[in-house]
Amino acid sequence: VTGCAEYGPEVSAYLDDGLDAEERRRVEVHLAGCASCTALLSASRELDRTVRELPRIEPSPGFETKLRARLGRPAAPGWRRRGGLARFAVVGAAAAAVLALLLTPATPSMSDEDWELIADEASFDLMLSDDHELVYALDVLEAWDEKEEI
Amino acid sequence: MSGEIDDDAQLMLASRDGDPRAFETLFRRYSTRLVSFLARMVPERARAEELAQDVFVRIYQARERYQPTARFSTYLFGVASNLALNELARAHRKRERPFPEDAEIRVAAAAPSAEEELVHRRTRERVEEALDELPARQRAALLLRVDEGLGYEEIASALDTSVSSVKSLIHRARCELLESLERKQLERKQERKDAS
Chain A
1 VTGCAEYGPE VSAYLDDGLD AEERRRVEVH LAGCASCTAL LSASRELDRT
51 VRELPRIEPS PGFETKLRAR LGRPAAPGWR RRGGLARFAV VGAAAAAVLA
101 LLLTPATPSM SDEDWELIAD EASFDLMLSD DHELVYALDV LEAWDEKEEI
Chain B
1001 MSGEIDDDAQ LMLASRDGDP RAFETLFRRY STRLVSFLAR MVPERARAEE
1051 LAQDVFVRIY QARERYQPTA RFSTYLFGVA SNLALNELAR AHRKRERPFP
1101 EDAEIRVAAA APSAEEELVH RRTRERVEEA LDELPARQRA ALLLRVDEGL
1151 GYEEIASALD TSVSSVKSLI HRARCELLES LERKQLERKQ ERKDAS
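Residue numbers (the numbering used here), protein chains in the order written: chain A, 1 to 150; chain B, 1001 to 1196.
Please keep in mind that the hints were generated in silico from the structure rather than gathered at the bench. Do not rely on the hints blindly, as some may be mistaken.
Computed list of chain B residues with no C-beta within reach of chain A, every gap over 10 Å [stated by the list, open to error]:
id, residue
1, Asp1007
2, Asp1019
3, Arg1040
4, Glu1049
5, Thr1123
6, Arg1145
7, Thr1161
8, Ser1168
9, Glu1179
10, Arg1188
Label-pair ranges, simulated between beta-carbon atoms [as the list claims (entries may be wrong)]:
id, chain 1, residue 1, chain 2, residue 2, range
11, A, Asp17, B, Ile1005, 20 to 28 Å
12, B, Glu1129, A, Cys4, 44 to 52 Å
13, B, Arg1065, A, Glu28, 42 to 50 Å
14, B, Arg1065, A, Thr38, 27 to 35 Å
15, A, Arg70, B, Ala1091, 29 to 37 Å
16, A, Arg26, B, Asp1006, 26 to 34 Å
17, A, Arg70, B, Leu1186, 19 to 27 Å
18, B, Lys1184, A, Thr38, 22 to 30 Å
19, A, Leu71, B, Gln1067, 16 to 24 Å
20, A, Ser36, B, Ala1136, 38 to 46 Å
21, B, Lys1184, A, Arg52, 33 to 41 Å
Covered stretches of chain A, as calculated for chain B (at least 3 residues, CB under 8 Å) [claimed, not checked]:
id, region
22, 12-19
23, 22-31
24, 37-47
25, 50-56
Heads up, the beta-carbon is just placed ideally off N, CA and C, and yes, glycines get one too.
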């Protein structure tokens, strides 16, 4: 059940309200004459209903307590609010540290978890930031990927 | 986001301005939804909870930088998707079942008969298995659309991709799920035939 080659993706978008008025009208005209797309629409509706009915998974009883403990602790250095040069300094230091690890892989100064944390932090900074000055964070992530491949 | 700020974003702004109850309200609204989403994205329930905590911690710690440029749920699930996809990229391990025995689950259907419930349960299990087998980005896009009600533009923002890519991801996800369910049904029929 995939719909026809031309209109299949449009049928999915139709179901998701992802089309403008003109596109919707075109899909409706098409649906009136295409059994394959009509079957896709019907099966997709049923599928979505079942997915929506999948049970929600409640957090474990200790979830909130653990979160409160984490929020109550001082922020890890990488997560303190930082801006301008301070941000460059932190991310740049992380990049330098990762590169240092790559150059001297036998040095057991930091664990894999430490490096994962640095890469995660750099990734998060990139995601939260609208500016492009954090391009240095990419160096960290790329260096991390290279380390993973080694 | 055009003009109006949604209620959740208002709470986030209040949290940014020092109201401690505002973030707690957000936590109560989203903790189950977030854990559910992440439990369907990563292999282990315990890891899903850790990631959910990471999401809350990161958002809380970044609250002073928060700008309501999108619905809060788009922001939250964007952070969650990013963490989950990073996790999956790091660890190429097979996903375990997301419903361990000790999981407290909330079933949406209202008091069906035992027979109906059995049929529903089996259908849900088959859909869950098929979801497991989807590529991670397809799974994320479909769950954000169907389960969380995000629009295509919001999903594009959450997954850091284009609207046309989201459209394609969701279409392929549905087709692959339907194909997988059809294949499993044929296999079961064949097994019954072989057994008889």
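Tell me the numbers of any earlier hints that the structure contravenes, in ascending order.
3, 4, 5, 6, 8, 9, 12, 14, 15, 17, 20, 21, 23
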